[in-house]
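Here is what each chain is made of, one letter per residue.
There are 2 protein chains.
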Amino acid sequence: MAYVRKIRVFVPSSLCAGASVLLELSQAHYLCHVMRLKVSDRFLIFNGKDGEWEASLTEVGKKHASAMAERAVRAQVDESDIRLLFAPLKHGPLDFLVQKATELGASVLQPVLTERTVVRRINAERMQSQVQEAAEQCERLTVPECKPLLELSEVLSAWPIDTPLLFCDEARQDQGILRVLAAEPQRFHGAGILIGPEGGFSDHEVEMIRSQPYVVPVSLGTRVLRAETAALAALACWQGVMER
Amino acid sequence: MAYVRKIRVFVPSSLCAGASVLLELSQAHYLCHVMRLKVSDRFLIFNGKDGEWEASLTEVGKKHASAMAERAVRAQVDESDIRLLFAPLKHGPLDFLVQKATELGASVLQPVLTERTVVRRINAERMQSQVQEAAEQCERLTVPECKPLLELSEVLSAWPIDTPLLFCDEARQDQGILRVLAAEPQRFHGAGILIGPEGGFSDHEVEMIRSQPYVVPVSLGTRVLRAETAALAALACWQGVMER
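Going down the list, the protein sequences come from chains G and L.
Here the first sequence is numbered in the working numbering, starting from 5 and rising by one per residue.
Here the second sequence is numbered in the working numbering, starting from 5 and rising by one per residue.
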């Protein structure tokens, strides 16, 4: 079956038959100038709550566009909760991580500041627009929530105690992630994945992390993985177990 | 435990105690100018056959350097055979794919030409140096073998019949990859992963692929994955099952 990438955009408004939707400037540009849609042409919209709808373009202006939701094509489904905690990276690897974490279904992206993090800031607006675009293109029905950058200790102290946090320790002495997940998949339906910075966690941080009751240390194998590779490998394994 | 990235280089020569090793220009530059090693400083070398050795720098010239292997620090281990077949991509995604496939243990990188492949050439030298660098940095004991670009039909007709080829079909109607692998891990110790181009495989190609007796179609989940994401997700799942 030939596969064609669908034209779809995320809108923050409610969706029902006949609902009018205002599109952002960048979306108007994408639909009208890049995809060359005209009034009455159809495309897909979703809002993270009401499933996916077919919509038709109703108005095209210089700086805006409007559409009307016509019919539901996919129902909203409950998605398992998988939060990715990661130390900020340089732009190239970070862009890669944000895009691919979205493709691989991360529900939350939580950047954390650690001792050895070199990049100490996150461009939140940039991250938000990257996840939205990646969500639109990978056909998911939700957009990952991007949280503000927090200190590792803050994130750990606020972490819900009944949500397991998979700690991908570079020391690589722990049980393989798949073995841990496959042994009790139910336990990990709502979970987090914690990935450290390029320089790894400090001894003090490792102690702090491992002392939390909800932390589950796992190994990602025998090779040393870059931070963004580790994040994606862990997510792919989690998805594989949950989607089986 | 604090983690420090080790200084290691790949050399094509045999290694035993006292063996003299000539280092490539780029390696000499890396060791002497980037890592600032001096004569008698130690670093790690490997050759894909004799394990990992500690070596000391014996000579530093303007355009070359030599070292002497001193003692074995890691024995060569048999690695499972996992070959990645992929359509060439644009430079950005291709660089990521090559680097991360190496981190995730691919033993062979086989680029394949398909009907919808936009990029019709591979820079073999560039790919070779990328896999070598990635292998050095991720501490693996082997360097993936980079094969020349071939037509899909050629690769399929030459494929060993007893080696399963995991076909990640974009139609996404098949059983999840983890379910397939975990049901019979022994069967997949030596295996291949086939990923299509951004535009997907043509109907004709899908038919040709699925008609091969060694092909095992698998799904990578409900979202649409970019080619490089699919490759890495599949590799990560395979590694997870094999390394458990």
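What the hints contain is simulated information worked out from the structure, not anything from laboratory work.
For clarity, every value in this text was computed on a predicted model and none was experimentally measured.
Be aware that one or more of the hints could be misleading.
What the hints assert, rightly or not - On the chain L side, residues computed to face chain G include the following (Cβ under 8 angstroms):
| id | residue |
| --- | --- |
| 1 | Lys66 |
| 2 | Leu108 |
| 3 | Asp178 |
| 4 | Ile181 |
Said to hold, decoys possible - Simulated crosslink set (DSSO-like; lysine-lysine; CA at most 30 angstroms straight-line):
| id | chain 1 | residue 1 | chain 2 | residue 2 |
| --- | --- | --- | --- | --- |
| 5 | G | Lys94 | L | Lys10 |
| 6 | L | Lys94 | L | Lys151 |
| 7 | G | Lys151 | G | Lys94 |
| 8 | G | Lys10 | L | Lys42 |
| 9 | L | Lys66 | L | Lys94 |
| 10 | G | Lys66 | G | Lys42 |
| 11 | G | Lys66 | G | Lys94 |
| 12 | G | Lys94 | L | Lys53 |
| 13 | L | Lys94 | L | Lys42 |
We treat Cβ as the ideally placed atom computed from N, Cα and C, and that holds for glycine.
Quiz item: Any hints this thing doesn't respect? Which numbers, in order?
Solution: The structure conflicts with hints 1, 3, 8, 9, 11, 12, 13, although it agrees with all the remaining ones.
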